[in-house]
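J.: Given chain A, work out where chains B, C and D should sit, using these hints.
Protein chains: 4
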Amino acid sequence: MSNAEIRVAVLGAGGRMGSEAVEAVKNAPDMELVAAHGRSDTLEEILSAGATHIVDLTVPDSTEANVRFAVEHGIYAVVGTTGWDADRLERLEQLLSEHPESGVLIAPNFALGSVLATAFAAKAAQYFESAEVIELHHPQKVDAPSGTAVRTAELMGAAREAADVAPSPDATETALEGARGAEVAGIHVHSVRLRGLVAHQEVLLGSAGEQLSIRHDSFDRASFMPGVLLGLRTVGSRPGLTHGLDGYLDLGL
Amino acid sequence: MSNAEIRVAVLGAGGRMGSEAVEAVKNAPDMELVAAHGRSDTLEEILSAGATHIVDLTVPDSTEANVRFAVEHGIYAVVGTTGWDADRLERLEQLLSEHPESGVLIAPNFALGSVLATAFAAKAAQYFESAEVIELHHPQKVDAPSGTAVRTAELMGAAREAADVAPSPDATETALEGARGAEVAGIHVHSVRLRGLVAHQEVLLGSAGEQLSIRHDSFDRASFMPGVLLGLRTVGSRPGLTHGLDGYLDLGL
Amino acid sequence: MSNAEIRVAVLGAGGRMGSEAVEAVKNAPDMELVAAHGRSDTLEEILSAGATHIVDLTVPDSTEANVRFAVEHGIYAVVGTTGWDADRLERLEQLLSEHPESGVLIAPNFALGSVLATAFAAKAAQYFESAEVIELHHPQKVDAPSGTAVRTAELMGAAREAADVAPSPDATETALEGARGAEVAGIHVHSVRLRGLVAHQEVLLGSAGEQLSIRHDSFDRASFMPGVLLGLRTVGSRPGLTHGLDGYLDLGL
Amino acid sequence: MSNAEIRVAVLGAGGRMGSEAVEAVKNAPDMELVAAHGRSDTLEEILSAGATHIVDLTVPDSTEANVRFAVEHGIYAVVGTTGWDADRLERLEQLLSEHPESGVLIAPNFALGSVLATAFAAKAAQYFESAEVIELHHPQKVDAPSGTAVRTAELMGAAREAADVAPSPDATETALEGARGAEVAGIHVHSVRLRGLVAHQEVLLGSAGEQLSIRHDSFDRASFMPGVLLGLRTVGSRPGLTHGLDGYLDLGL
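Chains as they are written, first to last, in this note's numbering: chain A, 1 to 253; chain B, 1 to 253; chain C, 1 to 253; chain D, 1 to 253.
Any given hint could be a false lead.
Said to hold, decoys possible - Some chain D residues flagged as far from chain A (calculated, every beta-carbon gap over 10 Å): (1) Ser19; (2) Asp30; (3) Gly38; (4) Glu44; (5) Glu173; (6) Gly186; (7) Gly196; (8) Asp217; (9) Gly244; (10) Gly247; (11) Leu251.
Claimed, not checked - Cβ-Cβ distance ranges computed for the label pairs, FRET-style: (12) C:Asp61 - A:Ala163: 34 to 42 Å; (13) C:Ala171 - D:Glu173: 31 to 39 Å; (14) B:His243 - C:Asp61: 54 to 62 Å; (15) A:Ala163 - C:Ala158: 50 to 58 Å; (16) C:Glu173 - A:Thr82: 41 to 49 Å; (17) A:Thr82 - C:Ala158: 35 to 43 Å; (18) C:Asp61 - B:Gly14: 39 to 47 Å; (19) A:Val142 - B:Glu23: 48 to 56 Å; (20) C:Glu173 - D:Ala86: 23 to 31 Å; (21) B:Glu23 - A:Pro169: 28 to 36 Å.
For the record, the hints were derived by calculation from the structure and aren't laboratory data.
In this text, a Cβ means the ideal position worked out from N, Cα and C, and glycines have one as well.
Chain A extracted, bound-state conformation (with noise of 0.2 Å):
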């Protein structure tokens, strides 16, 4: 057994995300991989092969047996599946007081890129006139806006109503049919479906004279891996739930 503090077992090393989070931990000096563990392999796995993280990328229908688990023996948990709602999320939360040394971090989004540029256009937002978000996806999408776009709306229309700024001004009287995008919380969302491109999203603000852009580009899933490094560096020393992994960045400006 090596010296490495952090040894992880990787859940749903079979898929897309899974295969190249074995290769990221791999890689990745101060940690061990001690289980690539897929569909038929039984949790059990996890703690004869030593591991004191697991990252779950497997499906809605398994992940939360997996935390519970990881929770219940003293491992630390990073999150990448979806289907956490209320019912479970509040679950969690019954399991890890029962456990206060516990970590998990459920992170919707692991590249760091597209949550920086999240938080920052939801910091900028109630300081300028106007804001629209426009995303850019590649044209197999089939849902839009896109989700990354309705939730950075929603964060900056919530800060621009808290600061009780006023509704982004808009004198458009005729308008023509078949757009694509939204109006969400108060701000437009144009959702561009474009071949050749990956996923995209710039925000844009507006105050007379000035104009400030924030945008990110997501060009390969390689893009999550950092995320889930950083994720699997810091569980160790947050206890409890952490949702998102803003709460990992040091965004104190």
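T.: Just chains B, C and D now, with coordinates in the frame of chain A:
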């Protein structure tokens, strides 16, 4: 009387565009301003001033009479006034056929960058799988999408149809309400309204693995003056009616 | 005398920034302009006008005396004039320690978007492998890189050093001559000079598979006024010296 | 044997570009792949496979012999291999004069978007006061500026010189050390190296009050395949040597 071959009367000299044109002509080393013609001046004053060229920046009600007067007196005309519908254009063509040495430029847009951007977008549109347009303007604008964006999309759509290009791929199944924009000639147009902006347009073209973006930013009315001067310098060597400044640009690539 | 609690004397009211500030204060519903103070006016007139706040937009030679006068008479000061070197700041800190209820804001930059962009760039710099800055200005600018770009790069470089981030990777072996820009604190800065532009800056941050871009565009001096008003509204509740408008922004994320 | 008129042998099929081309030809409904030709295969096999066209994606040492063989056997050739210096081109022209029905395309760049961007930049350069280029690449790139940026700047500079455009205005007096980029043909080129990026270029053109930006993003080698297929579809109707894919594009505007 100077030796300048281009002796210019600016009609509508009291307006915003007109007063910019007066300054631009004054500062052009190869031109002479011979009349800054206002609402109360008569057309005969253009003759007595010895004008060889007029710039018409008046109002739809007077532009046709002004241009007819110029053509009938052997004066070249550069026209930025709107209101030239099919009937007026037909009457002008008829008049020009009787004055074959005369030249008239009617230019809906004098911003060279905008004219070039539209021409390039129309030319490139057939070579990409996907095509969309984002136009961004100040929030006092009452129409959305902008006229320039609609015209750009129409030209792009026509070019794609002529080249038998399939519609831009789009798997969108769910959509929210309230987007600002339109689908024009099969091209999605997104309309951003943001305090601080003036008039901006970005054409996005995508195929597998690549994107071409053509963006024009108008910051100031000053951007129209190089186009006005180019029109004045060229109209004397282009008999007949030219519609659109692109007709004077050297765009054979 | 009105009931406005913020009664403002603008010093340097005849200058370009000063005259904008005069208008901005006049238009602010919660403020009253009590003096538009020019070169030939005496500081006593500020007292007789009943000012509670001054905005100093004068020249380096007079700003220190103006601010001292304000502090000594219980008047809050918002300062945009340059020339506050270490000696001056030390003398001001000393004076303020004798007037603990007084408040002074010295702000090298009143554009909220620019201040936010710099703060965000400094905060994000530690989370990415690569970081560069592109600044774009009108071609009359004599210094390259711009002062804002140098300061942004210094803050980013310091943040990366504090977090032990490796230098941005760069395999460049061959290079040509004549580039405009610099390497500042390990950050490459590129200086574009283009007719038509005003003042623009884009910070680019990249890691495997993703890019975060933070761009600020200044189109007009009007962009400074929201920052001046924010300073006036806040300085009364922030005793002592605040250096930089970011000190007044709610940037805890 | 199928009825496809375009029967393609891919030379260099084992390389990265070659294997992409093999797939692209297989998927093209109007083509048939008749040979995926590797290092150990003989040129005679191209004949026995009944190829009407070759795509040469080999190495500088073998490309000339491959193309000569094609021309001598009445096979059209689309060539992406580098190494075609003046001597080789002259010998090829001589050979083609003896085979007037043959057609060869030598294309240093198959990305349609990049070819269009360069053509548009060269065309527009004469109409603006200022012109600069920003190229952005992954940090493993050893040369700065990129070859494409140097060629773009040279074409823009030549167009400006031919049209007697004054140098881009630049008042820079002070400068720091260490910029990455160059001045090429009077055009400033800025070289950004950023982890996460692939190959990107933005041409900026400015005049009073306006800016035209032409940007190309290459995300993936897949972007070359539409250009390869366009070459194959066109070479049969263009006898002689065409240098550069732009020769096949319908760029008369």
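J.: To test your reading of the hints: which numbers does this structure violate?
T.: 7, 8, 15
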